[in-house]
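Guided by the hints, dock chain B onto chain A, whose structure is given.
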Amino acid sequence: MKYAFYPGCSNHSMAKDYDDSTKAICKVLDVELFEIPDWNCCGSIDAVYSFKPLYSIALAARNLAITEKMQMDLVTPCSACYFTLNRTNKILREDAGTKSKVNEALANLGFNYNVSVRVWHLADIILSDIVLQKIKEKVKNQLTKFKIASYYGCYLVRPPEICNFDDPEHPTHLDELVETLGASKIDYYGKTRCCGASLGMTNEELALKMSKDILLSAKNSGANCLATACHLCHLNLDARQKDIESRFNIKINLPVLYFTQIIGLALGIELKQLGLQRNWVSPKEI
Amino acid sequence: MRARKLSNEKEQLVTEAKAIQIGVPKESMRDFIKEVMKMPGGEKILECIQCGSCAGGCPTIFAMDYSPMQIIKMINLGMKEKVLSSSTIWVCSLCYTCATRCPRNVDFPTLMMSLRNKAIRENLVNNCAKSNFHRYFFEVINKYGRMHVPELFVKLLDITNFNSLLRNVRLGLRLFKTGKLQLRAPKIETSWVSSMLEKTDQE
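For the record, the sequence lines run as chains A and B.
So the first sequence is residues 150 to 435, counted in our numbering.
So the second sequence is residues 447 to 649, counted in our numbering.
Worth flagging that the hints you see were computed from the coordinates, not collected in a lab.
Hints may contain errors.
Computed list of lysine to any residue pairs in SDA-like fashion (alpha-carbon distance at most 20 Å, straight line) [stated by the list, open to error]:
1) A/K391 x B/F622
2) A/K391 x B/R613
3) B/K623 x A/S431
4) A/K400 x A/K421
5) A/K358 x B/G503
Short derived list, chain B residues pointing at chain A, Cβ under 8 Å [to be verified]:
6) R562
7) S641
8) T646
Note that this is a predicted model, so its numbers are computed, not measured.
Built from N, CA and C at the ideal position, the CB exists for glycine as well.
One chain only, chain B, in its complex shape:
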């Protein structure tokens, strides 16, 4: 069943790719390539030779819907929506194994971060747990200037499923028992945060 589903999907990919090759490509598709090339990490995507070094070394590939090399190809074919709503960009653990091994110096992890940013801005997010985590993390940093783990834990309660919730609570207790959960919030001067955010929040 799963194999069949995959092959269907592949067929669709091939049809889309062919459509582009015979000249149907819309300007909008090319726009996406140009846009990606301007992002941090996207400068060299046209140089990819599809060797598969990235996919071969990837520690999370089994949980992705498209492999890293497929994602690059899809970007080069202008398949914006599929790329931005894929699980790959959220499953990537940013370990930089692919970027280290890439013979053409494509900086895949940085590109993933840029695409996450774009997916959030364009509302095409497939994995909301991770994107919400980013927002919560940002909010905590914004409030205290540093990380405050208990507050992040509490904020995360609403996006985790029951099993990982149980595990996270147990993890929290364990950290607390060994004295590693700092309950008191970090106290540093944070009056500068808002002005910095204002200045850097242009995009």
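Chain A extracted, bound-state conformation:
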């Protein structure tokens, strides 16, 4: 299977572990990813969009136009980019006025976008029947010690007309994956609760509280590990976990892993290739 790969800005900086583990497992699972040449920012969910809406749409459309020339479906590991690119597709499909304005802007750069690119989340691809079957065949280590709480966050499942990875209120795809790998799944309240990442830089108190609720509800339900599919959630739940602990005077110590890292562990890929040394809350204990 061949896909155009849109890593998103975070994969090259804050989420190197995600990038490493994605590439490592895709190699084993025969999913070929071709990075989109000269890609740019996806336009962001709100930061650029609230400031200059049309510019933000045009930024996303540039990436999509490059992908259109590659004649492949687009895959992104970032939930936020997944949302933005799909939103852009939807706007351009429904609003002819915006489409012509955006294409006018793209014409200067030598592009014309016909809204034909399909955008997938990496989890869509990995959890499709064919790849999941392959995972089942290639599992080397059963992860029996893992009690995994799958955390979906916002943009993987919401809004359903743009991001339809799974049911918006009670998604279960990642839980199925968890059981496939021999780990036990944990049902908990915070599954699709927002972690507050979009407020992390400006209204930190609020973001810390929101993340705390998720971590505690997972921990109290008996999880010893959290699986996520989004950079921003990972940043808030893992790198900020120390801040949450000191702010609220509690002990959490719950490792947060990307779902690709968990698959990698089951496939017996080397820890270093999965970027596990980059996690702040170390998963060594499990």
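Then chain B, alone, in the frame of chain A:
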């Protein structure tokens, strides 16, 4: 004290609403409704039935001055300044829980983004930290074509308070230690940025 303050505010809301109902509504108030209906996300605000699903599922409602359903009602009553200077439009974390659950398909988060844009343009911003963050984010993207985290961190220094500044610095150090802070700026061709901005910057 807080309860009293709230009830005063509510009284004021009721008086304003009544004033509109008895026919004092100025054209300018109706203009605001029409304007909002043209914004992305505002198409369906007149269809709101005030059921409260949005407010019930909202994860940040405790930090808002008006709940999502109140904001919609206020828009329908034409209370432009109150809406645009509320903290609600900046506190919304855009998680789309409300839009998913709304029985009348009101796209509240998209509306919030449109209102932020309007508040910035009309200089009615209540929470300048967040609106400045938007500008800085935009500037970084404009310069490099991609996000460059260290530069955004530095730009943000002047809008954060002391506590979160300390935390952000520690967060930066942590990211640096785990090798997740890319100090080198992203290098892509960015000559197209200015022409694209020119073409799309009509509003």
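Now for the hints, and whether the structure bears them out:
{"no.": "1", "hint": "A/K391 x B/F622", "verdict": "holds, 15 Å"}
{"no.": "2", "hint": "A/K391 x B/R613", "verdict": "holds, 10 Å"}
{"no.": "3", "hint": "B/K623 x A/S431", "verdict": "holds, 13 Å"}
{"no.": "4", "hint": "A/K400 x A/K421", "verdict": "violated, 27 Å"}
{"no.": "5", "hint": "A/K358 x B/G503", "verdict": "holds, 16 Å"}
{"no.": "6", "hint": "R562", "verdict": "holds, 4 Å"}
{"no.": "7", "hint": "S641", "verdict": "holds, 5 Å"}
{"no.": "8", "hint": "T646", "verdict": "holds, 4 Å"}
Going through the hint list in order, the structure does not satisfy hint 4, though it satisfies all others.
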